[in-house]
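Asks: Chain by chain, the residues run as shown.
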Amino acid sequence: MQGALTSPVDWHAIAPELVLTAFACLVLVVDLFLAERAKWLAMPLSAIGVLATGAATLSLVGSERTTLSGSYEIDAFALLLKGLFCVIGFIVLAISFDYFRSGIRYQGEYYFLLLCSLLGGLVMSSARDLVTIFIAIELISVPGFIMTGLRKGDPKSNEASLKFFLFGVLSTAVMLYGMSLIYGLSGGATRLDRIREAIDGSGNEPLVMLSVFFVVVGFGFKISAVPFHFWAPDTYEGAPSPVAAFLSTASKIGGFVGLLVLMFKAFPEVADIWRPVFAVLATLTMTVGNLIALKQRHIIRLLAYSGIAQSGYILVALALIDPSSPGVSRQALESALVYIAIYAVMDLGAFAAAVAYARRGGTYFIDDYAGLWQRSPVLATLLTGFLLSLAGAPPMAGAWAKLFVFLATINAQVYWLAVVMGVNAVIAAWYYLAVVKRMFFEAPELEGPVEVPYFLRAVMGVAALALLVVFIYPPVITELAERSIL
Amino acid sequence: MNDLPFLDLTLFLPLVGALVMVLIPKRWEALLRLAALVVTTATFVASLGVLASFESGTPGFQQVTELSWIPEWGIGYITGVDGVSLWMIMLTTFLMPLCILTSWTIKTQVKPYFILLLTLETGMLGVFSSLDMFLFYVFWEAVLVPMYFLIGMWGHGRRVYAAMKFFLFTLAGSLFMLLSILYLYFASQGSAAAPTFDYRSLVGTPLALEVQILLFLGFFASFAVKVPLVPLHTWLPDAHTEAPTAGSVMLAAVLLKMGAYGLIRFGIAFFPDAARLLAPAIIALAIVGILYGALIAIVQHDVKRLVAYSSVAHLGFVVLGLFVGTIQGMSGGILQMLNHGLSTGALFLLVGALYDRRHTREISEFGGLARSVPVLAGIFLIVVLSSLGLPGLNGFAGEFLVLLATYQSYGWWVIPATFGIVLAAIYLLWAYQRVFHGAVSIEANRNLEDFRMREYVMFVPLVALIVAIGVYPKPFLERIEPSAKQIVRQLNDASVIPETRGLAEAP
Chain A
1 MQGALTSPVD WHAIAPELVL TAFACLVLVV DLFLAERAKW LAMPLSAIGV LATGAATLSL
61 VGSERTTLSG SYEIDAFALL LKGLFCVIGF IVLAISFDYF RSGIRYQGEY YFLLLCSLLG
121 GLVMSSARDL VTIFIAIELI SVPGFIMTGL RKGDPKSNEA SLKFFLFGVL STAVMLYGMS
181 LIYGLSGGAT RLDRIREAID GSGNEPLVML SVFFVVVGFG FKISAVPFHF WAPDTYEGAP
241 SPVAAFLSTA SKIGGFVGLL VLMFKAFPEV ADIWRPVFAV LATLTMTVGN LIALKQRHII
301 RLLAYSGIAQ SGYILVALAL IDPSSPGVSR QALESALVYI AIYAVMDLGA FAAAVAYARR
361 GGTYFIDDYA GLWQRSPVLA TLLTGFLLSL AGAPPMAGAW AKLFVFLATI NAQVYWLAVV
421 MGVNAVIAAW YYLAVVKRMF FEAPELEGPV EVPYFLRAVM GVAALALLVV FIYPPVITEL
481 AERSIL
Chain B
1 MNDLPFLDLT LFLPLVGALV MVLIPKRWEA LLRLAALVVT TATFVASLGV LASFESGTPG
61 FQQVTELSWI PEWGIGYITG VDGVSLWMIM LTTFLMPLCI LTSWTIKTQV KPYFILLLTL
121 ETGMLGVFSS LDMFLFYVFW EAVLVPMYFL IGMWGHGRRV YAAMKFFLFT LAGSLFMLLS
181 ILYLYFASQG SAAAPTFDYR SLVGTPLALE VQILLFLGFF ASFAVKVPLV PLHTWLPDAH
241 TEAPTAGSVM LAAVLLKMGA YGLIRFGIAF FPDAARLLAP AIIALAIVGI LYGALIAIVQ
301 HDVKRLVAYS SVAHLGFVVL GLFVGTIQGM SGGILQMLNH GLSTGALFLL VGALYDRRHT
361 REISEFGGLA RSVPVLAGIF LIVVLSSLGL PGLNGFAGEF LVLLATYQSY GWWVIPATFG
421 IVLAAIYLLW AYQRVFHGAV SIEANRNLED FRMREYVMFV PLVALIVAIG VYPKPFLERI
481 EPSAKQIVRQ LNDASVIPET RGLAEAP
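In the order they appear, the protein sequences are chains A and B.
Heads up: the first sequence begins at 1 in our numbering, then just goes up one per residue.
Heads up: the second sequence begins at 1 in our numbering, then just goes up one per residue.
If a hint is listed, it holds; no wrong ones were tucked in.
Simulated crosslink set (SDA-like; lysine to any residue; CA at most 20 Å straight-line):
hint : chain 1 : residue 1 : chain 2 : residue 2
1    : A       : 163       : A       : 142
2    : A       : 295       : B       : 165
3    : B       : 111       : A       : 378
4    : B       : 165       : A       : 423
5    : B       : 26        : A       : 449
6    : B       : 107       : A       : 442
7    : B       : 111       : B       : 34
8    : B       : 26        : A       : 374
9    : B       : 165       : A       : 422
10   : B       : 107       : A       : 374
11   : B       : 165       : A       : 427
12   : B       : 107       : A       : 443
13   : B       : 111       : B       : 19
14   : A       : 152       : A       : 142
Derived by calculation from the structure, the hints in this document are not laboratory data.
All chains, please: the whole structure from these sequences, using the hints.
Replies: See the structure below:
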């Protein structure tokens, strides 16, 4: 760590983060000088910032470099995820615009916090050091606490924020405790590759197991894996809906990235110890998430539980890692990356449609989706596309996401987990279809057309089209993922 | 002639048509109907190209197209046709224009309706022509979605319940199939250089008997739901009854055949030992289905539900033929798939025609219709007779072959199966009598309009084909037989358990 402060910094390597930081500060400052009616200008400014960050990320494509004494790595894996975070950021901005412009104050602050949290995601993608990973996860979470409570007048928002905060702090404490144990075990190393060397054959397996366990529990809260998921539905419901969309994608994916990097870079040698833990976590997460989702009547809560269940499929990849057969591990990681990327787009799409509907002539209650097809064919079709994708049905990319996880599972010969996933896919189909059923097969109870803003409509359309294209020609994403494994 | 890729043209014409129709404004309903009719007719013409270039007498796949899709996973776009799939493809393309015509009476949400029907057609054709397991699975699943919407949005009565039940039953079955497919994929790694989803390389993958049985059951779970075999049939009466007419026709004529087709193509070809070992149990299920379906059909008071249950019985004959293990049985079963598609498809179309006139399907609401709609009654009679297997009409040839083969291989098992034909005569003729004969007791039945031009256009080719297959089945059978022979050989010559080899051939 001492070296990090004195060694030369590769500025180009951290250009995306620098650009985003600059724009975050710019948004905060510009907001001060804007009149109340012009506050919405913070959003286009943020969007430009995200696009610029994306451009900076693109400029790094093809290069493999490390900086900050090896604790910060730019490789295909990091770039793919940075790109994904930019996409998520852009879509969340699109969802936020209409929502925040018409109702809540603090627009400038909100966009500032959103960009900060997004910055955490970018840092996480490159972090190859315990301290950096910790900073990244906190950078993602802390703005999230505040964003969740932005609807100050609403007790639910306050409750959501407080719950999120308490659970978040608790998980941080547990994670830090685990990390401190690792720090001690490895003789003071924080870089993941050094930790790996130190742990390999050290003979301290019970202690390693304990520390890994603490870290996994800490991350378990961040990715809302069962049984650490209790905060998520309440928080999503109480938070401003665009924030919920952000939490269920960017924040969750940030947690997954940290977990993947840690497990692959620091602890692959002791995979036999933690693999079963992830198998159990994945099973619980999928099954409990799906079963509770069946009873939900509020679309955001439904998406929250569906998001929990979807996390289970990503966790499966971690339950397949096998250091003795690199082919299996490679495929597992690849399937996780494909899943993460597709999940982000389809989940955001569903959130976008839900927010658009609730803002423009509807509510968040699933019963009120009755006959949406007749009120707004475009919105109903788009939402159906996203929901089918989440359910894993053709013709959307979600089908491939699930298939690749199945493929990796069968390849690893963990057949029972494949059966668990199969049963869960059927349960999940039920509640996704329940929404589709309302929209298409029932007569409308609410009146009037639903006018979705053109910008949001365009973003949703592009997202749906992307899912369709990936379904027709999956190499678009699979080849990226193949090149981007750790 | 072979230069044109007729098969792929047939496969994607409906989808392209559907995409074009998205651009037509929804107010122009007449144009939308016409476009759907033109597209499906063009698809039928293209499929005639497939038929014309088909060389009878060879068992293997013809008109194969191979393109790479996801090379790193061994997934390709591979399509082809053989004697098993040829008539299924022809049946689909032949019935689709008729379904479009019968849907002329659809007045609500015309645009999505026809787009979904066309999408459905591509899905069904894809199932029958895929030679890559992944491609097959994608099409298999893709069929679900449009059918779900067709039942749910344009169906009758308990349409929502029926649509959900249909979707979930099928999905649950197909996930077990997926697991089996993926296992097979990795098992192929030993024999070929890299694992592959290519059907032609996967056939003959050596598998231990226990593995075969498990994987067979995985596929069977999916296909038995689709066929359906008792006790997995409960989605069928609901879906068939509540679907709009075109949906019912497609469900009965094509979707059920997807299950039977899968049993032949994958169940038997991949896992011959397991198929041979489990054949008696499956045959027992098939016979139970024949009797159960027929008995339940007798007591129905809804014509459409009656036809739906008759499908359970008829598909029992198909499965019986596929698993008795002789060439007659296999050929008869495959021919029966085609026959059931035509006869039951026609029955659903006729029930739809009745419904359009009286807006009811209750048998007690009809009576004496032969006086007011003599042509409809006449056509109905021909179709009923073909469905119950009258010699000279199409149903006879297939059922006769199946029963003959059953007798040769399984002896007295043929008795309950034959009894199913008697029951079919009872429920069909009894229903016919109550609907068309007797006194006109309800005034509304007195002055009904008989066939219109549109309906003549629908039923004349259908009846012609029903008679043609009945009188002269040779051109149909001679295209089926080489492939049937090959599959039966696979079934009987597989090697893991030699002591049961040839069991089916020796009565």
